[in-house]
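Chains as they are written, first to last, in my numbering: chain A, 1 to 358; chain B, 1 to 358.
DSSO-like mimics (lysine-lysine), calculated; alpha carbons at most 27 Å apart, straight line:
| # | chain 1 | residue 1 | chain 2 | residue 2 |
| --- | --- | --- | --- | --- |
| 1 | B | Lys138 | A | Lys76 |
| 2 | A | Lys94 | B | Lys94 |
| 3 | B | Lys94 | A | Lys93 |
| 4 | A | Lys138 | B | Lys119 |
| 5 | A | Lys85 | A | Lys49 |
| 6 | A | Lys356 | A | Lys93 |
| 7 | B | Lys138 | B | Lys85 |
| 8 | B | Lys225 | B | Lys187 |
| 9 | A | Lys138 | B | Lys138 |
| 10 | A | Lys244 | A | Lys320 |
| 11 | B | Lys138 | A | Lys93 |
None of these hints come from the bench; they were simulated from the model.
Protein chains: 2
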Amino acid sequence: MASGRTNFSSHEFPMASGASPFSYRTNSAYQRRVVRATKQLMHAVVMEKLQVENGSIFQITDMGCSIGPNTFISVKNIVESVELKFKLMNTQKKHIQVLFNDHAYNDFNTLFASLPSDKSYYAHAAIGSFYDRVFPDKSIHIVNCSYGLHFLSRVPNNVENRESVAWNKGKVYYSHSKEEVISEYSKQYEKDMECFLNARAQEVVPGGLVFITVPARPNGTPHSKVIYNMLADILGSCFLHLVKQGDIEEEEVDSFNIPVYITSPIEVEEAIKRNGSFSIEKLEILSKETSPINGLTAKDASVHIRAITEGLIEEKFGTKILDKLFELHAQKLEDAYLDLISGEAISLFIALKRKKNL
Amino acid sequence: MASGRTNFSSHEFPMASGASPFSYRTNSAYQRRVVRATKQLMHAVVMEKLQVENGSIFQITDMGCSIGPNTFISVKNIVESVELKFKLMNTQKKHIQVLFNDHAYNDFNTLFASLPSDKSYYAHAAIGSFYDRVFPDKSIHIVNCSYGLHFLSRVPNNVENRESVAWNKGKVYYSHSKEEVISEYSKQYEKDMECFLNARAQEVVPGGLVFITVPARPNGTPHSKVIYNMLADILGSCFLHLVKQGDIEEEEVDSFNIPVYITSPIEVEEAIKRNGSFSIEKLEILSKETSPINGLTAKDASVHIRAITEGLIEEKFGTKILDKLFELHAQKLEDAYLDLISGEAISLFIALKRKKNL
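Construct the complete structure from the given sequences, taking the supplied hints into account.
Set out below in structure tokens:
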């Protein structure tokens, strides 16, 4: 890759690029199942709730698009629904513009090289974090953000602060940690959701839609019983294993944390209501069958976790420990497999509509 | 690079990517001089001619942006002028959106990694050839195309057709070739300009501006006396040298042509008038001092030609001949240096305004 991959800061969280055997591209199959499961839900919301106003340009953005191919499937689903809606409503001719959004360090070269040749929209890329403003005021009609909002904008400050009660010593994730650590992660999630919703509230036209899909934790289920979290926890134990073997220092592990948070339906709902700019048109829980891990072998699950954490680990520890770490990880997942598959693995689909008057 | 560089077809003409020592990025210094020279011209046109209408979004595109940094300089110049104009006219608050345009195979990763951090605009990328439609109807306020329109959309058909009188046997470029070959190149240029102007006529708002900067041939000067062409002609003689040495086959050279055409003021003017959608607000000849080759050593000039032709040559001949070919090229340029610097090397700056009523 020509881009300065080593320059990204932790809050930018790039996926492994297209060329890597551990790339997001080759390991996003389970997310594709979620994309398919949400197709009918999005279609229904577009048909029933989308308010089409005058203007010849209709802008759709897929935020946190990564490098494909899932973004193309999501976008195709939305575009087809929108075109059908235009047809039924007999609207003036509209040009559909799709803005693929991700960080500057996303591998856009791979994305662009695989743009569908038969697309019926103008394809653009929009650079920036979805926790910030990315578009002008009232310029976007539909936002899709699929499997993006569990990535926090940053590691919560205090969990890497030795002086804090929330210091996450000996761990790299929150779900098996003390209450103070969990609380810091959940507060960071609240802040990030507020930033996301606030930015979108300004960018989306009144009556416009926001679709969010995220992996989630059922209300009341402990963080430690969510499969996604269990995979990360086991990765944490692998880091400690490498400390014992002298491959890395304990201090390095103490100051490394994965900025991911798995929300629950109630937390999402609260965040949206607190923000106040959107009405909730749909909030559906997608079953485990449509969701992470289902059908994945231990090895596959490990490769998936590698695809989304490799960049961060490399930044902190260099490349030297990667293979050993993930060999160990795959082995431990194998050993814990029965435990793992008893965990929870739902996803949430939420459809929001920008309120007209605030 | 993660993208399928070997897949591009000749009409896509990618620059060498950011990582290469022969990259466009490190060899675009002379184009930067042109960008600087056009700054004042663009500023004057924006202040005098731009008609600012209602609407809160103002869209600027740099077409054929390549990988930077020149695109950032051009864009900054235009944005500064536009912001000043808004201020003086006391317009409603406007959001400036900049759409960096190039082929899907451009190295956008490098471009995005070096986006200025202090930019005052929303940065997007728009994928596609500027010879086709890239944007919705009436959505763009200012188009800039700097050093892009001398790249033809394709090699003219007949120059690689053995049955045609325009077959360009033993050559890789038109400027030292027979009249029929020159004519095919010039007809292709006319077609391409019509495609460019036609697409822009639909995309640019009435009263919107199009800035074009291209290397050019003074009216009446033979094609063979233009430095840009002389550099390409000498490259052609290097190919023949490699044929003699048995490195490549003569047939390969016969079926390889560089799709570049150096226009003249009169040709540009005719193309614009023939199209009919734009008024010419400015047509300035930039002197040799601001332009290609000036101040470049033979070695630098060779590296520059390599940056813009390497992708094409590699596609046809593979990578094996590249180093030898360009060593020879640098040597021949050295030998021909006095001849070379006596050639012509102007650039043209043209400012167009989209007519209101057609």
